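Here is what each chain is made of, one letter per residue.
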Amino acid sequence: MSEVLLDQVTQADYKYGFTTDIETDIIPIGLSEDVVRLISAKKKEPEWMLEFRLKAYRHWLTMKIPTWAQLDIPDIDFQSIAYYAAPRKNAPQNLDEVDPELLKTFDKLGISMEEQKMLSGVAVDVVMDSISVKTTFKDSLAEMGIIFCSFSEAVEHHPDLVQKYMSSVVPVSDNFFATLNSAVFSDGSFVYIPKGIRCPMELSTYFRINAINTGQFERTLIIADEDSYVSYLEGCTAPMRDENQLHAAIVEIVALKNAEVKYSTVQNWYPGDKTGKGGVYNFVTKRGICKGDSSRISWTQVETGSAITWKYPSCILLGDNSSAEFYSVAVTNHHQQADTGTKMLHIGKNTTSHILSKGISAGFSQNSYRGLVRINPKADNARNFSQCDSLLLSDKCGAHTFPYMEVSNESAIVEHEATTSKINEDQIFYCNQRGISTEDAVGLIVNGYAKEVLNKLPMEFAVEAQKLLQITLEGSVG
Amino acid sequence: MKNNEISTLNAAPTVRQETLEQQYIDLYKEQRESIKKHSSAVMNTSRDESFARFEALGFPTSALENYKYTDLRETLSVDYGLNINRISVPINPYEVFKCDVPGIHSYLYFVVNDAFYPVNDPVHNKLPEGVIIGSVKDVAASHPELLRDYFGKLSTAKNDGLVAFNGAFAQDGFFMYVPKNVVMDRPVQLVNIMRSDVDTMANSHNLIVIEEGSKAQLLVCDHTVDEVRFLSNRVTEVFVGENATYEHYKLENVHTKTTNLSTLLIDQRKSSNVLANVITLHNGITRNTIEIDLDGEGCDTLLCGMVIADKKQEVDNFTSIIHNKPNCNSRELFKYVLDDMSKGGFTGKLLVAKDAQKTAAFQTNRNILLSKTAKMRTKPQLEIWADDVKCSHGATIGSLDESAKFYMQSRGISEKEARLLLMFAFTNDVIENIRIPALQDRMKLLVEKRLRGELSKCEGCVICQ
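Here the protein sequences line up with chains A and B, keeping their order.
In case it helps, the numbering used here puts the first sequence at residues 1 to 478.
In case it helps, the numbering used here puts the second sequence at residues 1 to 465.
None of these hints come from the bench; they were simulated from the model.
Just so we're clear, the structure is a prediction, and the values are computed from it rather than from any experiment.
Glycine included, every Cβ here is placed at the ideal spot set by N, Cα and C.
Incorrect hints may have been included.
Said to hold, decoys possible - In silico PhoX-like links for lysine-lysine, alpha-carbon gap of 25 Å or less:
{"#": "1", "chain 1": "A", "residue 1": "K378", "chain 2": "B", "residue 2": "K68"}
{"#": "2", "chain 1": "A", "residue 1": "K277", "chain 2": "A", "residue 2": "K396"}
{"#": "3", "chain 1": "A", "residue 1": "K396", "chain 2": "B", "residue 2": "K372"}
{"#": "4", "chain 1": "B", "residue 1": "K354", "chain 2": "A", "residue 2": "K396"}
{"#": "5", "chain 1": "A", "residue 1": "K422", "chain 2": "B", "residue 2": "K349"}
{"#": "6", "chain 1": "B", "residue 1": "K126", "chain 2": "A", "residue 2": "K451"}
{"#": "7", "chain 1": "B", "residue 1": "K153", "chain 2": "A", "residue 2": "K422"}
{"#": "8", "chain 1": "B", "residue 1": "K270", "chain 2": "B", "residue 2": "K68"}
{"#": "9", "chain 1": "B", "residue 1": "K215", "chain 2": "B", "residue 2": "K312"}
{"#": "10", "chain 1": "A", "residue 1": "K343", "chain 2": "B", "residue 2": "K158"}
{"#": "11", "chain 1": "A", "residue 1": "K64", "chain 2": "B", "residue 2": "K311"}
{"#": "12", "chain 1": "B", "residue 1": "K215", "chain 2": "B", "residue 2": "K153"}
{"#": "13", "chain 1": "A", "residue 1": "K349", "chain 2": "B", "residue 2": "K358"}
{"#": "14", "chain 1": "A", "residue 1": "K396", "chain 2": "B", "residue 2": "K358"}
{"#": "15", "chain 1": "B", "residue 1": "K449", "chain 2": "A", "residue 2": "K349"}
{"#": "16", "chain 1": "A", "residue 1": "K422", "chain 2": "B", "residue 2": "K390"}
{"#": "17", "chain 1": "B", "residue 1": "K372", "chain 2": "A", "residue 2": "K378"}
{"#": "18", "chain 1": "A", "residue 1": "K343", "chain 2": "B", "residue 2": "K349"}
{"#": "19", "chain 1": "B", "residue 1": "K449", "chain 2": "A", "residue 2": "K378"}
{"#": "20", "chain 1": "B", "residue 1": "K312", "chain 2": "A", "residue 2": "K422"}
{"#": "21", "chain 1": "B", "residue 1": "K354", "chain 2": "B", "residue 2": "K311"}
{"#": "22", "chain 1": "A", "residue 1": "K277", "chain 2": "B", "residue 2": "K215"}
{"#": "23", "chain 1": "A", "residue 1": "K64", "chain 2": "A", "residue 2": "K451"}
{"#": "24", "chain 1": "B", "residue 1": "K354", "chain 2": "A", "residue 2": "K274"}
{"#": "25", "chain 1": "A", "residue 1": "K378", "chain 2": "B", "residue 2": "K312"}
{"#": "26", "chain 1": "A", "residue 1": "K396", "chain 2": "B", "residue 2": "K68"}
{"#": "27", "chain 1": "A", "residue 1": "K343", "chain 2": "B", "residue 2": "K354"}
{"#": "28", "chain 1": "B", "residue 1": "K257", "chain 2": "B", "residue 2": "K449"}
Claimed, not checked - For the chain A half of the interface with chain B, some residues (derived, Cβ under 7 Å), not all of them:
{"#": "29", "residue": "P171"}
{"#": "30", "residue": "D273"}
{"#": "31", "residue": "F385"}
{"#": "32", "residue": "L392"}
{"#": "33", "residue": "P403"}
{"#": "34", "residue": "E406"}
{"#": "35", "residue": "I413"}
{"#": "36", "residue": "A418"}
Stated by the list, open to error - Residues from chain B that keep clear of chain A, each with C-beta distances beyond 10 Å, as calculated:
{"#": "37", "residue": "I322"}
{"#": "38", "residue": "N367"}
{"#": "39", "residue": "L370"}
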């Protein structure tokens with residue numbers, strides 16, 4: 001029975017597969033110093049920005065693609081990718097000016113902007129193929145001194161903030177994909193919350209890869225000044241494609257004294273078809289720094305998409321009494337591969353971190369948790385608790401755990417526990433007895449299994465995430 | 001000219017690393033014939049191949065994932081002497097080694113540096129019928145067929161610089177063979193003694209074969225006699241047949257100038273039962289690689305270890321348990337107590353192969369840091385390719401429980417005693433897994449002494465005086 005049902009899961013189609021015909025302005029494929037200069041020129045960037053890009057590009061040339069992850073990464077030809085695509089039309093001022101095709105896209109996604117605006121009160125900064133086309137609620141936020149705009153706008157209007165914080169968390173030479181991003185990043189979001197301000201709404205951005213053969217290189221920078229609070233959401237779905245698409249983003253978070261940043265993401269890039277053909281390669285560098293005392297950063301992620309996921313949202317706990325959290329659900333199906341986890345670097349005194357990771361693998365997929373908890377010699381009274389559980393839904397998939405714990409201070413308490421097991425037959429049987437089909441039972445069990453993490457998501461996201469889990473594992477199991 | 005200088009400067013670290021290996025590469029090329037002459041055919045067959053592999057791999061560095069927590073650069077840069085021409089070392093181990101385990105009544109054997117010491121106590125060592133214990137070299141002459149099927153079968157495939165080095169330079173080793181359905185009435189004790197007036201390196205390759213339905217216990221003790229620098233690089237292959245039971249105890253009690261590199265490879269067949277217990281009481285730099293392959297259904301494995309380290313001692317236990325067949329159980333328990341500037345490393349790799357359904361595998365690693373400067377790095381690693389499994393691992397790093405200490409102090413137990421009690425209780429569950437009662441008692445005493453800072457000295461022992 002299980003095999004029949006498993007077959008059904010593996011046949012579940014990507015529901016968000018469609019493409020939109022929007023004219024895009026693409027520069028020729030390939031990467032060279034000229035391309036970097038061209039991107040910078042197209043975006044009318046100041047000289048320092050170009051220097052930054054060139055520095056990154058020159059360093060990138062000396063780097064090699066990392067091979068340590070439990071991933072089978074096909075050779076990526078970085079010269080066959082177009083590094084810049086922007087909708088040709090001028091950025092619209094309101095929804096009426098937005099290309100109707102684009103609006104249709106959102107309707108298909110079920111996230112019509114009108115609805116979004118009215119129902120959830122979320123300011124949505126939509127990134128369609130790398131350039132911000134619409135920012136809502138900007139004015140009401142601006143009144144409070146909150147800056148929520150595209151990265152390019154920030155470069156233009158707030159160069160001091162950008163120069164001060166950009167690459168302060170993820171250095172230019174950090175890793176292969178981050179350095180590539182630094183050289184060619186197209187756009188992204190910029191958030192600045194001034195001192196003592198509590199951002200009244202959830203800030204949200206939707207990313208979407210749209211143009212064929214265009215890598216998307218987002219760069220997000222979130223700065224929470226002293227005593228401020230912000231909750232930031234990011235979610236993405238990508239249309240069906242045959243050719244692999246590369247996504248190498250950077251997210252940097254800076255939390256100053258007493259500030260709190262909550263970052264939630266639902267990732268649903270196109271995972272490739274049943275045979276493992278196509279799909280997005282997602283190589284993302286996400287890192288936050290609890291720079292001031294008593295600051296707090298929390299990462300919540302639901303990973304259901306991408307052919308390859310390589311993602312380790314991390315935290316540097318520099319300030320005393322700072323704390324960090326990482327909650328993750330990663331679901332892989334078909335031939336998807338995910339190597340994801342976190343790094344918690346305890347530097348300040350009395351710092352705490354909490355890691356909760358739930359992996360679910362089905363089909364032929366590989367799902368790995370890779371995490372590091374490091375307690376530096378001066379990080380007195382540091383505390384960490386990590387838990388990573390894996391659930392296996394087929395006998396062809398793999399679940400792996402690679403936690404690293406490095407402690408150099410005797411007052412630290414670091415705990416880690418991990419379990420791996422099959423979905424419980426008894427629970428399925430129990431549901432069957434009560435008239436719940438096996439498929440629904442699996443959905444129930446998986447959702448229950450991931451509940452602890454899903455509960456951490458903001459309301460509107462939690463609903464979407466639950467649906468996503470169902471869709472990803474649809475028809476599944478037994 | 002200037003360009004040349006710069007390029008030399010830049011290349012400096014690599015050059016140093018190369019020379020580290022280079023002296024041994026040169027030594028092998030010069031002494032190849034002598035090495036072979038003083039060894040046996042079975043060891044010589046794969047010698048050149050091992051050497052080629054060593055040339056390619058070099059010594060492992062901390063850049064390698066499996067050696068992340070072992071730094072051998074400093075210790076390998078010492079100019080060690082190798083006893084290639086097998087000149088016998090003047091020592092009578094029966095005289096030197098008096099701190100034995102009271103009441104263990106073992107079959108006692110000695111290896112001095114890398115040479116098997118001839119047995120001079122035939123009455124005491126009257127083995128059950130069919131059991132063969134001796135040096136690999138002797139057995140190669142008398143029973144070549146025994147070695148042919150087993151020797152190097154686990155080690156030659158390993159992609160490891162230390163194992164390759166051992167394959168190139170080891171000339172002899174300890175051999176034990178227990179034929180079908182023989183139950184050894186007493187444990188076998190193998191004492192490795194390091195004795196030399198100059199810095200010395202010893203390479204040996206041991207082979208243990210436990211055939212179907214047999215039962216054997218082996219206690220390996222490491223001791224050092226002289227205050228010079230020692231490096232031992234030992235590879236031990238163990239084959240445990242169907243329904244056989246094998247217990248391997250390794251007890252290390254050596255001085256701080258010793259580097260102990262040991263690779264233990266165990267192959268388990270159907271329904272076999274293995275216990276391996278690796279205890280490091282006092283050492284310099286220790287790297288234990290323990291790899292257990294479960295190649296038959298219904299195997300049971302218990303792998304334990306304990307480390308007590310202070311000063312600048314370093315211990316890295318790299319363990320790997322591979323479940324290749326269904327219905328096997330494995331448990332792993334490692335405990336560390338680290339004080340002063342000591343460094344501990346633990347890797348617990350657990351791999352469940354695709355068809356190894358109904359696997360149950362549990363792993364625990366607990367560590368206590370007693371000082372601000374002690375360091376512990378732990379890396380449990382689960383790789384699961386089957387779905388019907390129950391696997392878990394837990395790891396903790398922390399200090400002694402303050403409330404438990406307070407509880408005892410409030411009942412009139414001094415702080416020092418309370419600490420000791422807690423540490424003793426902490427290490428006790430590893431000692432409880434010793435299935436030789438006499439050894440268990442002895443270990444309790446040694447651990448207590450060690451925790452009291454008495455260096456586990458014992459009366460009448462020449463080594464400790």
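Each hint tested on the structure:
{"no.": "1", "hint": "A:K378 to B:K68", "verdict": "holds, 22 Å"}
{"no.": "2", "hint": "A:K277 to A:K396", "verdict": "holds, 18 Å"}
{"no.": "3", "hint": "A:K396 to B:K372", "verdict": "violated, 46 Å"}
{"no.": "4", "hint": "B:K354 to A:K396", "verdict": "holds, 7 Å"}
{"no.": "5", "hint": "A:K422 to B:K349", "verdict": "holds, 20 Å"}
{"no.": "6", "hint": "B:K126 to A:K451", "verdict": "violated, 65 Å"}
{"no.": "7", "hint": "B:K153 to A:K422", "verdict": "violated, 35 Å"}
{"no.": "8", "hint": "B:K270 to B:K68", "verdict": "violated, 33 Å"}
{"no.": "9", "hint": "B:K215 to B:K312", "verdict": "violated, 39 Å"}
{"no.": "10", "hint": "A:K343 to B:K158", "verdict": "violated, 31 Å"}
{"no.": "11", "hint": "A:K64 to B:K311", "verdict": "violated, 40 Å"}
{"no.": "12", "hint": "B:K215 to B:K153", "verdict": "holds, 22 Å"}
{"no.": "13", "hint": "A:K349 to B:K358", "verdict": "violated, 45 Å"}
{"no.": "14", "hint": "A:K396 to B:K358", "verdict": "holds, 15 Å"}
{"no.": "15", "hint": "B:K449 to A:K349", "verdict": "violated, 35 Å"}
{"no.": "16", "hint": "A:K422 to B:K390", "verdict": "holds, 8 Å"}
{"no.": "17", "hint": "B:K372 to A:K378", "verdict": "holds, 9 Å"}
{"no.": "18", "hint": "A:K343 to B:K349", "verdict": "holds, 20 Å"}
{"no.": "19", "hint": "B:K449 to A:K378", "verdict": "violated, 32 Å"}
{"no.": "20", "hint": "B:K312 to A:K422", "verdict": "violated, 44 Å"}
{"no.": "21", "hint": "B:K354 to B:K311", "verdict": "violated, 44 Å"}
{"no.": "22", "hint": "A:K277 to B:K215", "verdict": "violated, 53 Å"}
{"no.": "23", "hint": "A:K64 to A:K451", "verdict": "violated, 39 Å"}
{"no.": "24", "hint": "B:K354 to A:K274", "verdict": "holds, 21 Å"}
{"no.": "25", "hint": "A:K378 to B:K312", "verdict": "holds, 19 Å"}
{"no.": "26", "hint": "A:K396 to B:K68", "verdict": "violated, 31 Å"}
{"no.": "27", "hint": "A:K343 to B:K354", "verdict": "violated, 29 Å"}
{"no.": "28", "hint": "B:K257 to B:K449", "verdict": "holds, 21 Å"}
{"no.": "29", "hint": "P171", "verdict": "violated, 21 Å"}
{"no.": "30", "hint": "D273", "verdict": "violated, 23 Å"}
{"no.": "31", "hint": "F385", "verdict": "violated, 10 Å"}
{"no.": "32", "hint": "L392", "verdict": "holds, 4 Å"}
{"no.": "33", "hint": "P403", "verdict": "holds, 6 Å"}
{"no.": "34", "hint": "E406", "verdict": "holds, 4 Å"}
{"no.": "35", "hint": "I413", "verdict": "holds, 4 Å"}
{"no.": "36", "hint": "A418", "verdict": "holds, 5 Å"}
{"no.": "37", "hint": "I322", "verdict": "holds, 14 Å"}
{"no.": "38", "hint": "N367", "verdict": "violated, 8 Å"}
{"no.": "39", "hint": "L370", "verdict": "violated, 6 Å"}
Comparing the model with each numbered hint stated earlier shows that hints 3, 6, 7, 8, 9, 10, 11, 13, 15, 19, 20, 21, 22, 23, 26, 27, 29, 30, 31, 38, 39 do not hold.
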